[in-house]
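Enquirer: Spelled out, the chains give:
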Amino acid sequence: DAGVTQSPTHLIKTRGQQVTLRCSPKSGHDTVSWYQQALGQGPQFIFQYYEEEERQRGNFPDRFSGHQFPNYSSELNVNALLLGDSALYLCASSRAGELFFGEGSRLTVL
Amino acid sequence: GIQVEQSPPDLILQEGANSTLRCNFSDSVNNLQWFHQNPWGQLINLFYIPSGTKQNGRLSATTVATERYSLLYISSSQTTDSGVYFCAVEWGYSGAGSYQLTFGKGTKLSVIP
Chain A
11 DAGVTQSPTH LIKTRGQQVT LRCSPKSGHD TVSWYQQALG QGPQFIFQYY
61 EEEERQRGNF PDRFSGHQFP NYSSELNVNA LLLGDSALYL CASSRAGELF
111 FGEGSRLTVL
Chain B
6 GIQVEQSPPD LILQEGANST LRCNFSDSVN NLQWFHQNPW GQLINLFYIP
56 SGTKQNGRLS ATTVATERYS LLYISSSQTT DSGVYFCAVE WGYSGAGSYQ
106 LTFGKGTKLS VIP
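As you go down the protein sequences, you meet chains A and B in turn. In our numbering, each residue carries its 1-based index in the first sequence increased by 10. In our numbering, each residue carries its 1-based index in the second sequence increased by 5.
Possibly wrong hints are sitting among the right ones.
[Stated by the list, open to error] The calculated lysine-lysine pairs, modelled on DSSO-like cross-linking and capped at a C-alpha distance of 30 Å, are:
{"no.": "1", "chain 1": "B", "residue 1": "K59", "chain 2": "A", "residue 2": "K23"}
{"no.": "2", "chain 1": "B", "residue 1": "K59", "chain 2": "A", "residue 2": "K36"}
{"no.": "3", "chain 1": "B", "residue 1": "K110", "chain 2": "A", "residue 2": "K36"}
{"no.": "4", "chain 1": "B", "residue 1": "K59", "chain 2": "B", "residue 2": "K110"}
{"no.": "5", "chain 1": "B", "residue 1": "K59", "chain 2": "B", "residue 2": "K113"}
{"no.": "6", "chain 1": "A", "residue 1": "K36", "chain 2": "A", "residue 2": "K23"}
{"no.": "7", "chain 1": "B", "residue 1": "K110", "chain 2": "A", "residue 2": "K23"}
[Said to hold, decoys possible] Just the calculated beta-carbon pair ranges, DEER-fashion:
{"no.": "8", "chain 1": "B", "residue 1": "V69", "chain 2": "A", "residue 2": "R32", "range": "25 to 31 Å"}
{"no.": "9", "chain 1": "B", "residue 1": "I117", "chain 2": "A", "residue 2": "D72", "range": "33 to 39 Å"}
{"no.": "10", "chain 1": "B", "residue 1": "Y78", "chain 2": "A", "residue 2": "P71", "range": "39 to 45 Å"}
{"no.": "11", "chain 1": "A", "residue 1": "A12", "chain 2": "B", "residue 2": "Y53", "range": "17 to 23 Å"}
If you are wondering where the hints come from, they were derived from the structure by calculation, not from laboratory data. Each residue gets a CB set at the ideal place from its N, CA and C atoms; glycine is no exception.
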């Protein structure tokens, strides 16, 4: 049983560019959440998708957007990248309360 | 919003020692999870424990929801236990199937041989 998988694992972008991160949930899970983890901090909730709709959103600007596909996989898009967007981006999937996380995508913005 | 405080922020142990990590939260919670983040960044589920006590090998956890705290016990620590331990809570009315977690800042554990 594959767990939560994310791609790419590492990427480097420059300020102003756009990035797309991808996530495949654990088998049987229908809810996908995205978190941002800055260095030395705990993860912070970005948003959550269920039935292809954004259901909840944390305190992040509209530059952060997402999508969920019929197979429950999800994408996180960040536009107009800032230096402060450099972080580990974590995807989590769930079905009945307990969240399971992927290994993350480490984004560096230069 | 809810406040989640973890203590201690840093902990250094000799291999074989026992330790207790604490998580305090400022409001009632629906769910609580403990995670171990390894050096490569992956968050590994340790316990899903909104209340009560659970044990898994050398690790155990207790959540006392009425007093708003949870404890993670690590016995006979090993070097592979090193990393950051996070407590995360789901709180408030978030609707059916809505699982937004608020994390503490973590406890960084270093186990030395």
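Enquirer: Evaluate each hint against the coordinates.
Expert: Evaluated hints:
1. K59(B) x K23(A): Distance of about 43 Å is beyond 30 Å: violated.
2. K59(B) x K36(A): 24 Å, holds
3. K110(B) x K36(A): 26 Å, holds
4. K59(B) x K110(B): 23 Å, holds
5. K59(B) x K113(B): 22 Å, holds
6. K36(A) x K23(A): 28 Å, holds
7. K110(B) x K23(A): 27 Å, holds
8. V69(B) x R32(A): 25 to 31 Å: Once the Cβ atoms are compared, 40 Å apart, the range 25 to 31 Å for R32(A) and V69(B) is violated.
9. I117(B) x D72(A): 33 to 39 Å: 46 Å, violated
10. Y78(B) x P71(A): 39 to 45 Å: 40 Å, holds
11. A12(A) x Y53(B): 17 to 23 Å: 20 Å, holds
In the structure shown, a violation is registered for the earlier hints numbered 1, 8 and 9, in ascending order.
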